[in-house]
Amino acid sequence: MSTRAPARHARRRISEEKTAQRRLALWLCAPAALIMLLVTGWPILYAVLLSLQRYDLRFPDERAWVGLSNYAAVLTDPFWWNAFWVTVVITVISVAIELVLGMLLALAMYRTLIGRGVIRTLVLIPYGIVTVVAAYGWRYAWTPGTGWLAGALPPGSAPLTEKIPGVAIIILAEVWKTTPFMALLLMAGLALVPDDLLKAASMDGATAWQRFWQVTLPLMRPAILVALLFRTLDAFRIFDNIYVLTGGAADTGSVSLLAYRNLIGGLNLGIGSTMSVLIFLTVAAISVLFIRAFGISAPGTQGERR
Amino acid sequence: MSSRMRRARSRTRHRPSGTSGRTRAGALALAAALGGTIVGCGGESARRPTVNLYNAPQENIGVLVDRCNRLARGRYTIVLNTLPRDADGQREQLVRRLAAADPGLDVLGLDVTWTAELAEAGWIRPWTGEYERRARAGTLAKPLETAVWEGRLYAAPYNTNVQLLWYRSDLIPEPPRTWEELIRTSTRLAAQGKPHRGGITGARYEGLVVWFNSLIQSAGGAILTPDGERVQLGAPALTALGVMRAFARSPAADPSLSSMREDDVRLAMESGRAAYQINWPFVYASMAANRPDMLRVLKWAPYPGITGPGRAPLGGANFGVSAYSRHPREAFEAALCLRDAESQKIAAVRDGLPPTIRAVYDEPEMARAYPMRQAILDALETAAPRPKTPTYQNVSTVTSAVLSPPDEIVPVRTEARLRDLIGDALSSKGVLP
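Those protein sequence lines, which keep their order, are chains U and G.
Each residue of the first sequence is one higher than the last, beginning at 1 in the working numbering.
Each residue of the second sequence is one higher than the last, beginning at 1 in the working numbering.
Simulated from the structure, these hints should not be mistaken for lab results.
For each residue, glycine too, the CB sits at the ideal point set by N, CA and C.
Heads up, simulated EDC-like pairs for lysine to aspartate or glutamate below, C-alpha to C-alpha not over 20 angstroms straight-line:
hint, chain 1, residue 1, chain 2, residue 2
1, G, K429, U, D77
2, G, K345, G, E365
3, G, K194, G, D293
4, G, K429, U, D61
5, G, K194, G, E270
6, G, K429, U, E62
7, G, K388, G, E145
8, G, K388, G, D227
9, G, K388, G, E229
10, U, K163, G, E408
11, U, K163, G, D407
12, G, K388, G, D424
13, U, K163, U, D251
14, G, K299, G, E270
15, G, K299, G, D170
Covered by chain U, per the in silico footprint, the following chain G stretches (three or more residues, Cβ under 8 angstroms):
hint, region
16, 94-105
17, 114-123
18, 387-393
Working from the sequences, and respecting the hints, build out all of it.
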């Protein structure tokens with residue numbers, strides 16, 4: 001009883017201190033936040049402004065505000081929707097494969113007792129190779145006449161010039177390249193699983209399979225979701241692999257490639273920026289979906305979430 | 001692109017921007033100052049301007065650059081900057097720099113289809129007075145016309161190009177004159193179990209537009225109205241589309257027609273798969289190098305047409321001068337030297353680029369390198385230029401997208417779709433595929 005009043009007092013003092021600290025923190029954060037706003041906020045705003053104009057670099061005199069008509073042009077265009085669905089297919093399939101392979105690799109890396117360093121290094125090699133360099137490797141490998149992989153195909157087939165084989169090769173290159181990244185994030189998640197819990201489960205008679213499904217996976221959930229979110233966002237913005245492998249031929253282009261074609265090739269800043277904004281909105285929607293639907297916390301705030 | 005055939009394979013030295021050349025000149029002057037002769041660095045760069053030439057890869061262009069630098073006697077120094085191999089990559093780099101008003105570009109090697117776009121945007125200078133007179137003197141009419149936009153000359157023709165029909169005389173004794181005859185020839189050869197394919201660029205790129213453009217002009221029509229403002233198409237387009245569809249569905253078509261570019265077409269014939277090909281003259285030098293045995297039976301004939309001889313695609317490259325050049329006088333001089341009769345002869349004999357100056361064709365060295373020179377000159381009389389419009393890039397991109405793959409062309413429907421999309425492309429509206 002007698003301790004209650006001083007305790008309340010103490011609590012108030014702590015909260016005052018906390019407020020002061022919080023204010024200081026805000027001040028300390030301000031410069032960084034301001035710079036972030038300038039270097040990311042302004043380009044985004046500028047892209048939005050451009051997307052509301054008819055603005056072709058070749059016809060500077062015809063520059064004019066056109067409202068949402070660029071959005072209407074893009075959203076009713078079959079080329080855009082083809083690129084959109086190609087991007088969605090590449091994203092969904094490659095991320096799904098990466099999750100399974102990444103989990104296997106993470107388990108292997110986490111559980112190996114001998115040569116751990118060597119294995120981890122080996123696994124990370126594809127991720128360390130510059131994407132464009134790796135993509136050229138794949139491209140030549142699949143080119144009839146020069147490639148070691150193309151030689152295994154029936155003569156006369158040129159997989160990179162057809163839609164479905166082309167997309168499949170893009171997915172393969174993407175999976176090969178980024179599975180190590182997935183594995184790395186998942187391995188960090190594996191470290192969150194206490195060994196005692198697994199031992200206890202095993203004492204209770206759980207099989208290895210049951211331990212994985214009912215103990216390891218649920219505890220890894222935050223890590224898995226963060227890995228999935230990162231990879232989904234990355235995969236949706238795919239550009240370099242496609243640019244090198246097929247150049248978007250045979251309708252294998254992604255939305256980013258289409259935006260590039262219109263911006264840089266077509267010099268059409270209006271339509272190109274409209275596509276950039278639409279890609280941005282889609283990526284934002286994916287993030288919101290992940291955070292709302294799966295309730296993941298932003299990286300760095302794990303555990304603080306209430 | 002299609003129009004810019006090249007035997008060149010090696011990349012020449014690359015200099016990213018104009019400043020490095022000047023820096024080097026400055027360094028030289030500084031070294032001289034340290035040597036105790038002159039005082040004041042950078043003095044030399046003021047006296048000898050650097051002319052930055054941006055050109056597509058061409059194996060022996062260095063010979064031309066050295067020759068012109070020698071002839072300039074210190075008035076300027078041309079520095080060669082090599083652009084990417086594919087035409088889209090070349091155009092991308094040039095327009096990106098020009099849109100940013102980069103002063104590091106002086107002389108630009110331009111595909112014949114870019115004149116209108118760059119001139120309309122104000123990125124290249126018109127040729128006037130003495131420069132114009134020298135650029136026009138003795139130049140063939142068709143190549144010259146590609147460098148003109150709205151009555152003004154915007155570039156000096158460097159090399160030209162036309163496609164011909166190349167056939168094996170051991171399989172085809174008399175060259176077919178029309179596409180119908182070509183298809184019949186292939187059908188006959190197929191029935192005899194002989195090589196029967198016909199090579200043509202059917203991939204989704206400029207080469208497909210070139211094919212369609214020549215067919216529609218052979219049928220007496222055009223893609224755009226003469227002023228380049230509106231879509232024409234119509235009945236000749238239906239004829240042209242019908243020919244493309246028939247060819248793509250006949251025994252003449254290669255199984256990988258829809259992915260073939262110039263080099264694939266050339267290889268199909270060299271490998272013995274094709275009995276004939278429609279291609280630029282570089283295939284002659286290539287066959288001489290790769291299949292000397294087949295060269296003996298390699299013959300050429302005019303581009304096939306609808307009812308008689310057709311109108312061959314017109315390609316080539318011109319030299320323009322950037323609007324942002326700091327040394328326009330030297331740039332014009334350098335461009336004129338790089339495309340004078342002697343330079344064109346070197347480019348023709350060493351790199352297989354057909355000259356744009358009529359007199360060069362009569363040089364004795366030309367006879368060996370260019371046994372088909374008379375056929376080229378004849379084809380140039382009726383050659384079919386591509387539509388002139390500042391939005392050619394857009395028009396070409398949507399056209400190749402609609403026409404690909406050629407075996408799925410349905411003339412009436414395809415024509416309507418072309419009309420629709422090219423109309424949008426002309427006003428640079430809509431999405432580029």
